[in-house]
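Protein chains in written order, with UniProt numbering: chain A, 1 to 76; chain B, 1 to 557.
It is possible that some hints are incorrect.
[As the list claims (entries may be wrong)] Taking beta-carbon pairs under 10 angstroms as the criterion, some of the chain A residues facing chain B (in silico): (1) Ser-21; (2) Ala-31; (3) Phe-34; (4) Ile-35; (5) Leu-47; (6) Glu-50; (7) Ala-57; (8) Phe-60.
[Stated by the list, open to error] A short list of chain A residues far from chain B (calculated; beta carbon distances all over 10 angstroms): (9) Pro-16; (10) Val-20; (11) Ile-25; (12) Gly-26; (13) Val-28; (14) Asn-44; (15) Thr-53.
Think of the hints as simulated: they come from the structure by calculation, not from any bench.
By construction, the Cβ of each residue, glycine as well, lies at the ideal position given by its N, Cα and C atoms.
One-letter residues, chain by chain:
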Amino acid sequence: MAPKPITSPVPDSWYPTLSVSMLAIGLVITASFFIYEATSSKRNRSLAKELTTGALASFFLGFGSLFLLLASGIYV
Amino acid sequence: MGFWFRLNLLLFAIAILSTPVLSDLILSKVDRLIDLTSQIARITSTLKVKNAGSGLVSEVLLAFLEFQANNLAYLMATTNEGKGKIKNSGVSLPIEVANPKGMPPALSVYSVSLPKALGEGDTLTLDVLAVFTHALKPFPEKITQADIQLAVFQDSAYYLSPYAVKVQSLSVKLPDARIESFTKIENTKTHGSEIKYGPYENLPPFSYSPVVVHFETNQPFAVAQEYERLKFHIGATYRSQNITILNMKVLKVRVNFPELLFEPRYPIFGGWRTAFTIGYSLPLQDFLFESEGKRFLNISFASPMNELVIDNLIVKVVLPEGSRDLSVSTPFPVKQRQETKISLLDVVGRPVVVLEKANVVPEHNQHFQSFNKLAMLREPFMLISGFFFLFVACIIYVHVDLSISKSSASYLAKQQWDEVQATIQQVESIIKQCLAIHENLEASLRDHSRTGDVQACKTTRKTADGLLKEHSKELKPLLAFLQSSPAAAHILPKVEELVAKERELQERLMAKHSTIVDCYEKKLGGWEIENRVAPQQQKVVALRQEVEDLLDYIDEI
C-alpha cells in the first residue's frame, strides 16, 4: 500500500486564530468561576457547578496554551 | 614515497606469481575515470565482465589496496541494462566484504552479488563507483598564504583486479590548473587538465603500475571532525539541527531548492577550524508517511553541505513521546543505539535513535527510514490537567475551613454572619423571581392589547397568583431565621421593609390587572381604563422603584 503523507490534524495557518479564541473562551470561563466563588456564600455553593466550570475552563485554557506554544514556534 | 611504492610493487609481483586464477571471469573492457576535482577522490570504473568458463558465476570480486580501502568511504556497483546512452536505469547491487582464499595479502576484497548468474559466454556491464576520503594529500604540507596549494594522489595505471583484463584505459581528471608532475609510462597523454593512461591490452590479474600525480588544487579541504545531526520529529513540523566543527564553505542561494549561503566571520586557512550550529524547520508532509498503522520517517542521512568529508557522523532522531516499535533501515551499515531525551512537556522522555558512522561523504546522503507508532493527544491532556489542578486547588481552598481556633468569638461571629448572608441571598433571589412574575403580568396586558385575548390574561393572572403565594411561603422561614439571629439585627429592618413593599406591590399590581381585565370585558373605552388605572399605576411605579433601591442597598452590604 502506498504510504500517505502525514500532516498535522489542524492546518498550520489556523494556529494563531485558534489559540487566541480558545484562550479567550477559557479566560471568560475562568472569570465566571472566580466570580461564582467570590459571591456565593458557604451554604449556597454547589460543588457540581464549581467542578464543571473548572473543568471546562481548564479544557479551553489547555488547548489554547498548546496552540499558543505552537504558533509562537516552540514545537512541543 | 618512492620506497613505499616499490615495496608494494614487490609484494604484488610475488603475489602475481603465486596466486591461482580465481574464477573464469574475464574483464573484456575496463574504462576508469578518476575524478580529482574536489578533495574527495571518486573513481568510476566501467567493467565489461565476460564469463569465459563453463560454470555459472554469481559474484564479481573487486579488489582494493589496503591503504586505499581504509579511506574507502562509499562503494556502489550498478548494472547497466540500457543500451548506448540510456544510463539512468542502473540497479544498485549488494556488496559485501569478502575474504576468498588465495588472495594476496594487503588487499581488501569486496564481492558484488549479481542479480542473475552469468552463464557461459555471457557478458555484463558493471559500473562501480568508489569514493575515497583523505586520498589527496597536500604536498608540501606547509605553505605560506601566498603559495599555491599542491596535492598528491597515488593509484595504479593498471586496474587492480583478480581477473585478467583484455583492454583497459584510465583517465585522470584534475582541476583546471597546473599539473606539477605525473608518472609517465607508456601510452600516456595529457589533454588540457586530463591525463590519459592507456589503452593497455592483455594484462594478467593483479597487475599494478603505480602512478603518482602531483597537481595544483584550489579547493578547500573541508573536513568535519565531529558532526552531529539532531532531528526533532514533532507533532506538527520537523526540525533539524546540526552542530559541526569544520572549515567553512560558501554555498549559493537558489530559488526552487532552498539553499543556504553562509560565511564564517573570518576566512579559514589550512589547519584552522571553527564550530557552528544550523537549525531549520521543514514541513512534515515531505518526510513523514503512514502505512499499515505505523509511521515512518524518510530522511536523508548525511550533511546537506557541499563536498564535505565527515570523520565521525552522529545522527540522532528524536521521536515523539510514546513511540514504540522503533526500527531503522539504512542503505549502508551504521552503528545503532537508543537513548531517551527529556524535552518540553515530557513525562517519560522521548526515545532517541542514535546512528553513528565514520568516514562519510556526500554520496551517503540517501534516505533512511525509521518506524514508530504513537499517541498524539498526550500534550494537550497534560496542559489541560495542569490547569484543572489549579482550579481544583481553588475549590479546595474555598471549601476547606482553615481556622485554627473554632471557638473564638470572632470565628463564631463570622460564621453567623455567613449564615445571615446566605439567607439574605435566598430572600433576594425569591424577590427577584416575584419581580419577574410581575413582568409577566404586565407583558400579558400588553399582549392583550395586541391580540385582544382576555382569557389569556386571566390564566396568566391565575398562575402568577399561585406562584406568588408559593414564594411568600418560602419567604416565611427565612424571615423567621433572620429575626432570630442576632447578627442580622442591623439589616433586619431593611429586609422586612423590602418584603413588605414587595407584597404591597403585588397587591397593587393584581388589582390593576383585574381592573383592566374587567374593563376589557365590559368593553369600556381606552380613556376610561386610563382613568381607573391611573392612581394605581402611579403607586405601582413608585413602589417598584423603592423595591429596587432596597435590593441594591442590601446587595452592597
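Checked hints:
At a threshold of 10 angstroms, the smallest CB-CB gap from A/Ser-21 to chain B is about 15 angstroms, leaving the interface hint violated. Checking A/Ala-31 against chain B by beta carbon gives a least distance of about 12 angstroms; that is not within 10 angstroms, so the hint is violated. For A/Phe-34, the interface hint holds, since its Cβ comes within 10 angstroms of a Cβ in chain B; the closest pair sits about 8 angstroms apart. Nearest Cβ of chain B to the Cβ of A/Ile-35: about 12 angstroms, over the 10 angstroms cut. The hint is violated.
Given hint, A/Leu-47 at the interface with chain B, holds; its Cβ is 7 angstroms from that chain's nearest Cβ, closer than 10 angstroms. Look at A/Glu-50: its Cβ gets to within about 5 angstroms of chain B, closer than 10 angstroms, so that hint holds up. Because the smallest distance between the Cβ of A/Ala-57 and any Cβ of chain B comes to about 6 angstroms, under 10 angstroms, the interface hint for this residue holds. About 9 angstroms separates the beta-carbon of A/Phe-60 from the nearest beta-carbon of chain B, less than 10 angstroms, and the hint is met.
At the 10 angstroms boundary, the C-beta of A/Pro-16 stays outside the reach of chain B, the nearest C-beta of that chain being 13 angstroms off. Separation of A/Val-20 from chain B is adequate, the least Cβ-Cβ distance of about 16 angstroms exceeding the 10 angstroms criterion. Residue placement check: A/Ile-25 keeps its beta carbon more than 10 angstroms from all beta carbons of chain B (closest about 13 angstroms). Its beta-carbon lying about 8 angstroms from the closest one in chain B, A/Gly-26 breaks the requirement of being farther than 10 angstroms from that chain.
With a least CB separation of 14 angstroms from chain B, A/Val-28 remains clear of the 10 angstroms interface cut-off, as annotated. Residue placement check: A/Asn-44 does not keep its beta carbon more than 10 angstroms from all beta carbons of chain B (closest about 6 angstroms). Distance check for A/Thr-53 against chain B: the nearest CB is about 8 angstroms away, which does not clear 10 angstroms, and the non-interface claim fails.
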